[in-house]
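On the provided structure of chain A, position chain B as indicated by the hints.
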Amino acid sequence: MKYHLPLTHPLLQTVDISVTLSGLKILDEVSIGIPEGSVTGLIGPNGAGKTTVFNVISGFVKPDSGKVKFDGKRLRHIKTHQLTKMGISRTLQGVGLFPSMSALENVMLGASVQARSGIVSNALAMPWVDAQQRRIREHAEAVMAELGVLEDAHRFPGDVPYPVQKRIALARALVSDPKVLLLDEPAGGISAGDMADLGRLIRSWVPERTVLLVEHHMELVMGVCDLIWVLDAGKVIAAGSPEEVRNDPAVLAAYLGEEVDV
Amino acid sequence: MTFFDHLLGGIASGSVIALMAIALVLVWRSTRVVNFAQVGQAMFTTFLALAVYRGTGNWLISLIAAILAGAILGLIVHFLVMRPVRRQDGSGAIIATFGVLIALQASASMIWGVDPQAYPPIVDIIGFEAFGRTWPFSRYDVLVLGVTVLLVLLLSVVFTRTSLGLRMRASAFNPTVARLSGVRVSQMLALGWALAGSIGAIAGVLIAPTFSVTPYSFDILLILAFTVAVIGGLDSLVGAVAFGIGTGLVLSLVSGYSDSGNASIVALVLLALNLLLKPEGVFAHHHSRSV
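Quick mapping for you: the protein sequence lines, in order, are chains A and B. Using our numbering, the letters of the first sequence correspond one by one to residues 10 to 271. Using our numbering, the letters of the second sequence correspond one by one to residues 6 to 296.
Chain A on its own, in the form it takes in the complex:
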């Protein structure tokens, strides 16, 4: 059975996406919608295909069939480097920070999409590059301050605790001022206290931004999401409010035998 939920205004949408990787059907006609200004969760047991959905949206994986729509328009031949310019920003599982760059440089990289100066003027270190560089740095510092990691700006990722690294990665995703944030397990490896802070932080971004969240920690998902999609073995098996999903027999069956920290 294909699961469809009527959505009034999805900002981001997958329509009947199917993906086969080395002979295995990873996604089977997956259609999910992320309403504008919402926090939407994407959950499911291990191997359900959650990250693959992210990878299709990010242009890492080309689907066999189906389409991705953003703001009502179909995205064809998604080029990963154009996502931030379109207003879509993604974090990776883990942190994905550059260890040889300072925290500030990592965040500034996310803002460099705003850099308008050309290669030649950069190479010659022209004065206007300096002014632009200062704007990028100030913006990066402001976002870091917002996330409470400004004091770590000049330290290297390897020298700060893991939860701080996660925050720096979030700052890098936020600094391009995205309309949509795709968060891949933002709570991985952080403590319960930090998780509550993270939940409040995510809620503070809506409705200005729209969030799609892949997460194992049910407490966080149930606490912050307006809408939850449930994947199992590459198919959408349920969708609805946290309350509806929690009591859905199909969801309970899918998670049977899985360790769930509810």
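For the record, the hints were derived by calculation from the structure and aren't laboratory data. Treat the hints with care, as some may be off.
[To be verified] Covered stretches of chain A, going by a simulated chain B footprint (3 or more residues, C-beta under 8 Å):
| # | region |
| --- | --- |
| 1 | 83 to 95 |
| 2 | 105 to 117 |
[To be verified] Just some of the chain A residues that point at chain B, by a computed CB distance under 10 Å:
| # | residue |
| --- | --- |
| 3 | S67 |
| 4 | G68 |
| 5 | F69 |
| 6 | S98 |
| 7 | R99 |
| 8 | T100 |
| 9 | L101 |
| 10 | A120 |
| 11 | S121 |
| 12 | D139 |
| 13 | Q141 |
| 14 | Q142 |
| 15 | I145 |
| 16 | R181 |
| 17 | A182 |
[Stated by the list, open to error] Here are some chain A residues the structure puts well away from chain B; computed CB gaps all over 12 Å:
| # | residue |
| --- | --- |
| 18 | K34 |
| 19 | K71 |
| 20 | E150 |
| 21 | L159 |
| 22 | I199 |
| 23 | D203 |
| 24 | E252 |
| 25 | D257 |
This one's a predicted model, so the numbers in the text were calculated from it and none came from an experiment. For glycine and all other residues, C-beta sits at the position ideal for the given N, C-alpha and C.
Here is chain B on its own, set in the frame of chain A:
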């Protein structure tokens, strides 16, 4: 000749080795390929610059021609050879650079012949006179050293102080994360090849007056620059400069106290020792590459 004289005589050649090593480092950083064709590209652009010099009589114009030709040749090699090859197989790319080297040398032999040609220096190549003697350090050596220092400073500023440098470093380290951060990685890789081509071309024009230019006379520079880049850690501009100049000094001592033919043997011994004792390179970053 005193010990000090030999050291002084090694600075300029060390600078040129450093420049060539920087070119190798830039390509390694952008595409994780050791470009054995780099000296071939430099040889080719030096011949082009020589032709421009003979046509215009202006040394500076010939240098600018070499810089432009170096960038264009770097892009040609990157787009016509490296990109298609890399799509098939990563290690094939390194072998392909040898193919490019041989092709460039063969083409140069056909176009300009194999007879040695002289590239006139822009300034005096005879050593300074002071305290009643001639020192093994000339105006030309000052020029070479100055250009090297200037280029290294410029590159450092670009890499550490501009968003372009940030994007180039990010592309080299983790293309996937760089793309997610909005970096056009393919553009950065091409830029790395162009930049390396230009710097190699400058090195070629600078060293040309100190020996006769033939399609094969740059080969020794390949051995030396490769040694220096590997010892420096392949990733490190600082390593390339430090060991480039250091190697120049060592080789000058070797040539001075024994025979200049021993220089390349000493370089290879240094390389072997380095690979035995510290294979990751002296200046390499020790961070793991996982994310």
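Hint by hint, here is what the structure shows:
1. Counting residues of the region 83 to 95 of chain A whose CB lies closer than 8 Å to any CB of chain B gives 6, which reaches the minimum of 3, so the coverage claim holds.
2. Counting residues of the region 105 to 117 of chain A whose CB falls under 8 Å from any CB of chain B gives 8; the rule of at least 3 is met.
3. The closest approach between the C-beta of S67 (chain A) and any C-beta of chain B is roughly 7 Å, which is under the 10 Å cut-off, so the hint is satisfied.
4. The interface hint given for G68 (chain A) holds, since its Cβ lies 8 Å from the closest Cβ of chain B, which is under the 10 Å cut-off.
5. With a cut of 10 Å, the hint placing F69 (chain A) at the interface with chain B holds, because the nearest CB-to-CB distance is about 8 Å.
6. A distance limit of 10 Å between C-beta atoms decides the matter here; for S98 (chain A) the minimum to chain B is near 8 Å, and the interface restraint holds.
7. Hint status for R99 (chain A) relative to chain B: holds, with the closest Cβ pair at about 5 Å, below 10 Å.
8. At a threshold of 10 Å, the smallest CB-CB gap from T100 (chain A) to chain B is about 8 Å, leaving the interface hint in force.
9. Proximity of L101 (chain A) to chain B holds as hinted, the smallest CB-CB distance being about 7 Å (cut-off 10 Å).
10. Given hint, A120 (chain A) at the interface with chain B, holds; its Cβ is 8 Å from that chain's nearest Cβ, closer than 10 Å.
11. Taking 10 Å as the C-beta contact cut-off toward chain B, the hint placing S121 (chain A) at the interface holds, the least distance being around 4 Å.
12. The beta carbon of D139 (chain A) is positioned within 10 Å of a beta carbon in chain B (closest approach about 8 Å), and the interface hint is therefore held.
13. Interface hint at Q141 (chain A): satisfied, since its Cβ lies 8 Å from the closest Cβ of chain B, which is below the 10 Å cut-off.
14. The interface hint given for Q142 (chain A) is met, as the beta carbon of that residue sits about 6 Å from the closest beta carbon of chain B, less than 10 Å.
15. A cut of 10 Å between beta carbons decides the hint on I145 (chain A): the least distance to chain B is about 6 Å, and the hint holds.
16. Restraint check, R181 (chain A) versus chain B: the minimum CB separation of about 7 Å is within 10 Å; hint holds.
17. The interface hint given for A182 (chain A) is met, as the beta carbon of that residue sits about 8 Å from the closest beta carbon of chain B, less than 10 Å.
18. A cut-off of 12 Å between C-beta atoms confirms that K34 (chain A) is not in contact with chain B; the least separation is 24 Å.
19. At roughly 15 Å, the least C-beta separation between K71 (chain A) and chain B is larger than 12 Å, which holds for a residue marked as non-interface.
20. Even its closest Cβ contact with chain B, about 15 Å, leaves E150 (chain A) beyond 12 Å, as expected for a residue assigned away from the interface.
21. Non-interface status of L159 (chain A) relative to chain B is upheld: no Cβ of that chain comes within 12 Å, the nearest being about 19 Å off.
22. Chain B leaves I199 (chain A) outside its interface by the beta-carbon criterion, the shortest separation being 17 Å against a cut-off of 12 Å.
23. At roughly 21 Å, the least C-beta separation between D203 (chain A) and chain B is larger than 12 Å, which holds for a residue marked as non-interface.
24. The non-interface label for E252 (chain A) is consistent with chain B: the shortest C-beta to C-beta separation is roughly 34 Å, beyond 12 Å.
25. No Cβ of chain B comes within 12 Å of the Cβ of D257 (chain A); the nearest lies about 33 Å off, and the non-interface call holds.
The structure agrees with every numbered hint stated previously.
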